[in-house]
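> All chains should be modelled from the sequences, with the hints used to inform the complete structure.
For any residue, its number in my numbering is found by taking its place in the sequence shown, counting from 1, and adding 3.
No lab work stands behind these hints, which were simulated from the structure alone. The model shown is predicted, which means the values in this text are computed figures rather than measured ones. Mixed in with the good hints there might be a few duds.
For lysine to aspartate or glutamate, the following DMTMM-like pairs were computed, each having C-alpha atoms within a straight-line distance of at most 25 angstroms [said to hold, decoys possible]: (1) 22 - 60; (2) 5 - 42; (3) 5 - 25; (4) 10 - 42; (5) 28 - 42; (6) 28 - 60.
With beta-carbon atoms standing in for the labels, derived distance ranges [as the list claims (entries may be wrong)]: (7) 35 - 6: 42 to 48 angstroms; (8) 5 - 39: 30 to 36 angstroms; (9) 40 - 5: 24 to 30 angstroms; (10) 4 - 35: 23 to 29 angstroms; (11) 39 - 12: 39 to 45 angstroms.
Note that CB positions come from ideal geometry on N, CA and C, so glycine has one too.
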Amino acid sequence: MKKELGKMLKQLAATHRSKLIEIAKRNTKRNEDGLTVIEKGDAWREDDEHTNSFRNDCSETKTLVLN
Numbered sequence: 004m005k006k007e008l009g010k011m012l013k014q015l016a017a018t019h020r021s022k023l024i025e026i027a028k029r030n031t032k033r034n035e036d037g038l039t040v041i042e043k044g045d046a047w048r049e050d051d052e053h054t055n056s057f058r059n060d061c062s063e064t065k066t067l068v069l070n
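This is how it looks when you write it as structure tokens:
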């Protein structure tokens, strides 16, 4: 089961690599300490179609794995 889950996550990441990169760019910001994750509710954080699409895909994968 763990191997199958690992394969599915690896495939999901490979399939959606560009979406993951875009999400990472939108959810990080540079400050005096370097890059940091933008907290939810921060004005810098953006919710976009890449994030929503990836969340939907992850949700579908999670449902398949758990059932």
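> Hint by hint, which ones does the structure fall short of?
2, 3, 4, 10, 11
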